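These protein sequences, in sequence, are chains A and B.
Numbers 68 to 352, taken from our numbering, label the letters of the first sequence in order.
Numbers 1114 to 1653, taken from our numbering, label the letters of the second sequence in order.
Check each hint, because a few of them may be wrong.
What the hints assert, rightly or not - Distance windows between CB atoms, simulated:
no.: 1; chain 1: A; residue 1: M126; chain 2: B; residue 2: D1442; range: 31 to 37 Å
no.: 2; chain 1: A; residue 1: E122; chain 2: B; residue 2: K1475; range: 42 to 48 Å
no.: 3; chain 1: B; residue 1: D1432; chain 2: A; residue 2: S318; range: 34 to 40 Å
To be verified - Below are the DSSO-like pairs computed for lysine-lysine, each with C-alpha atoms no more than 30 Å apart in a straight line:
no.: 4; chain 1: B; residue 1: K1505; chain 2: A; residue 2: K347
no.: 5; chain 1: B; residue 1: K1541; chain 2: A; residue 2: K256
no.: 6; chain 1: B; residue 1: K1541; chain 2: A; residue 2: K310
no.: 7; chain 1: A; residue 1: K292; chain 2: B; residue 2: K1541
For the record, the hints were derived by calculation from the structure and aren't laboratory data.
All figures in this text were calculated on a predicted structure; none of them were measured in a lab.
Glycine included, every Cβ here is placed at the ideal spot set by N, Cα and C.
Residues per chain, in single letters:
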Amino acid sequence: MTSSRIRIAADSVCDLPVDLADRLKVHIIPTYVNIGRESIPDDGESLDRERFYRELPAMQTAPTTAAPSPGDAEAFYRAILAEGVDHIVSIHVPEKLSGTLNAMRLGAEAVGSDRVTLVDSLQLTFGIGIQVWGAAELAAQSADLATLLDAIERMRQRTRVYAIIDTMEYLRRSGRVNSLAASIGGLLKIKPIVSVNEGEVVPVSRQRAWSRAVERLRALTLEQKPLERLAILHIANRSGAEKFLESIHDSAPSDTLIIETTPTLGAHIGPGSIGVATLKADWRR
Amino acid sequence: MPNSCINGRTLKRRIQAGVDSLAQQVETINQLNVFPVPDGDTGINMYHTLQRAWQEIAELDSEDVSLIADRFAHGALMGARGNSGTILSQLLRGFADGLAQASMLSPAQLRSACQAAVQQAYMSVAEPSEGTILTVAREATASLQRCAGSGVSLKEMLKTLTSAAEVSLDNTPNLLPILKEAGVVDAGGMGLVAFLRGLHCGQTKTPYSRADHSLSAPKAGAAGRYGYDVQFLMLGQRLDMARARRDLEELGWSVIVVGDEQTIKVHIHVDNPAIPLDYAIRMGAVLDDIVVENMDLQSQRTVVGRSTAQASAGHDSFDIAVIAVADGDGMQAVFRDLNCAAVIQGGAGHNPATEDFISAIKQLNSRQIIILPNDRNIFMAAQQAADLIAGKKVTVLRTDTVLQGVSAMLAFGDATDADADLETTLAKMNGASSATSSIEITRASRDSKFRAMNIKQGDHIALLDGMIAAAAADIEAVIVAAFAELDLTEYELATVYFGADVTGLECERLVRRLTMTIKGLEFESVYGGQSLYPYLISVE
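Only chain A is shown next, with the shape it has when bound in the complex (with noise of 0.2 Å):
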């Protein structure tokens, strides 16, 4: 037996359910929100992200987000190893936007750097689950490195991440997105549309009703058809979400997710806000 030597690492960013992570044999190592003097792992149990995005709006301070350590990252990487793997590719959070990246290369030094392979998945959320998904899927295929890289290289190009901010309150208070606060603007109420574009976060519209900007997401999520793959996220709002669902049911694939995105982004996002992670089917060629 040679199947699953390669096996798919990432971090709780990308997003992926538990269960889906579970059953693709992915690994997913949690990254931090700070609340007050608690840094809580957000690995799917610690943290209540129902709680959290109902207590955000009232939160004292802001929470903020952090990598998982150095430390972690190796002791993350030895287990997956010690369950007989040869080689692990890793999937994590753009290195533009977060310290994850890093953490994990010096872990993978830790543990040997050739077992491991580090990949930028240039993306945010189900983003970067599109990308794990489809490796994992190769991965339990007996894929070979190579055959992996190219295929998440290839996935990469046809994913895309837009969101609606339906405010622009808690990106500023955050503070890491400067640029693009002043690109869409401060003294008017503006509900703009995002994307993530080579591992940044880039103003894709700006709406000033909220119909207006859904119609806007209708029309970028229908410019990929077809879909492979599709995720609805959203902070605190499935009913948002379930409604834009309903609204491009027939493009849908039958396995299309409803996702509640991670408080390490949510923080910053705020509640209220709805997006798509879509992944166009003639990545394959």
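Given the coordinates of chain A, assemble chain B onto it according to the supplied hints.
Then chain B, alone, in the frame of chain A:
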């Protein structure tokens, strides 16, 4: 016939009398607003245009009528404000061109110069509408035909011209229903009449002329090719534009030659770009803002450029800047906040001049510029500036209100990576501006009747997309009535920009009451600081 011609000095004296005559009528003309809103500014716009024109000749002492007329026209072109001011500047430009090199003005030349003036003015307007200053100029000029060859003196001709203009002015309400409804004559036409009256009264003698004003007929390039697009400015003292146009038309196709004796803008398509440049130098002009583009390669590159952009994607790669006109520090801040590269102070009652746009355009590095005039009456002056700029592609997007301008500005940059070219950007901005409804609240500047409404001076008036929707003493009633005209199921958000004379607290109070009265809409209040309009409300 010593009394039948006038020289430059006399013409200058008459022009001065014309400017003075208009100056005395400014308030009267301002009042001739179709709607009784306090943005009546035709009088002041025409006066500013002529005032700036006068500056060009105030210190000039010359016998030469064509020099006087040319300098005066140049000043008017630069100082043009408002649609009537811009049309007036085109009339003067055409008049001066019609005189060509004449040193004295004879009756025959007056006639042909007036014809050239009318022709030029009509050409400058995309869709000329009758019952306006254009009609007055045209009908007045037509009256001169009756004196053709009859040995009439120049003084008598000016009298004929002026009386015919007066008759034509009185007839404008019959041609333009909106004037009749408002019970006024056309304001721009009245400004022209006032100027002519002055010209006529301040009068005396002499000279001769040559009319030359044909638009270049585009010639086709060699089959299947585009050739080179060459644009440049010719600068000089006494450039012969008519000759330049005639000669350049022989050298290439799609020829556009506009300007005056000191500045000529040339736009020409040729197979060899050296030829028109060489010609212009030989004509004695100094060249500036030279741009040569290979259109064959460009058309190929468009295809290639698209696919590369798709692969690499760069949002900062598109070099388009926006210039907006806005009144009020709050309103101006909103435009800057939305990444407007330059904001020109102006609006109802104080329209910016063509040269204000020109200097704003020159200060920007961008090669592609979009202007948001944000007022019906500012559009033409902006367009005139765009026409006079070489080396940059300047497009005026027709935004009729500052609120439409904000919507257009929001859509600026609303493009995914692959399609952020000028055309797409303009289409998106245009779409956004027309999807917004504008409610403008102001006060009646006089008693009037409109449709079934009896409007008293001082009443509040609501304009919905430029038309009077309601008028009453109570401001809130007027606003609510304007909202009632809209199908509110189509809208979601109303943004209330409060003016300089309203406090934030007053606006908040108003918004709170509106939120209760008008269901299903979200309200937001923003400081605009504009004058004359206590509230500007965009609904989207």
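Verification of the supplied hints:
In this structure, A/M126 and B/D1442 meet the distance hint of 31 to 37 Å, their C-beta atoms being roughly 35 Å apart. For the pair A/E122 and B/K1475, the supplied restraint of 42 to 48 Å is violated, since their beta-carbon distance comes to about 54 Å. At roughly 35 Å, the beta carbons of B/D1432 and A/S318 sit within the given window of 34 to 40 Å. For a cut-off of 30 Å, the pair hint linking B/K1505 to A/K347 is broken: about 39 Å separates their Cα positions.
For the proposed pair B/K1541 and A/K256, the alpha carbon gap of about 20 Å is at most 30 Å, so the pair holds. With a C-alpha separation of about 26 Å, the suggested pairing of B/K1541 with A/K310 holds against the 30 Å cut-off. The hinted pair formed by A/K292 and B/K1541 meets the criterion: a straight-line CA distance of about 22 Å does not exceed 30 Å.
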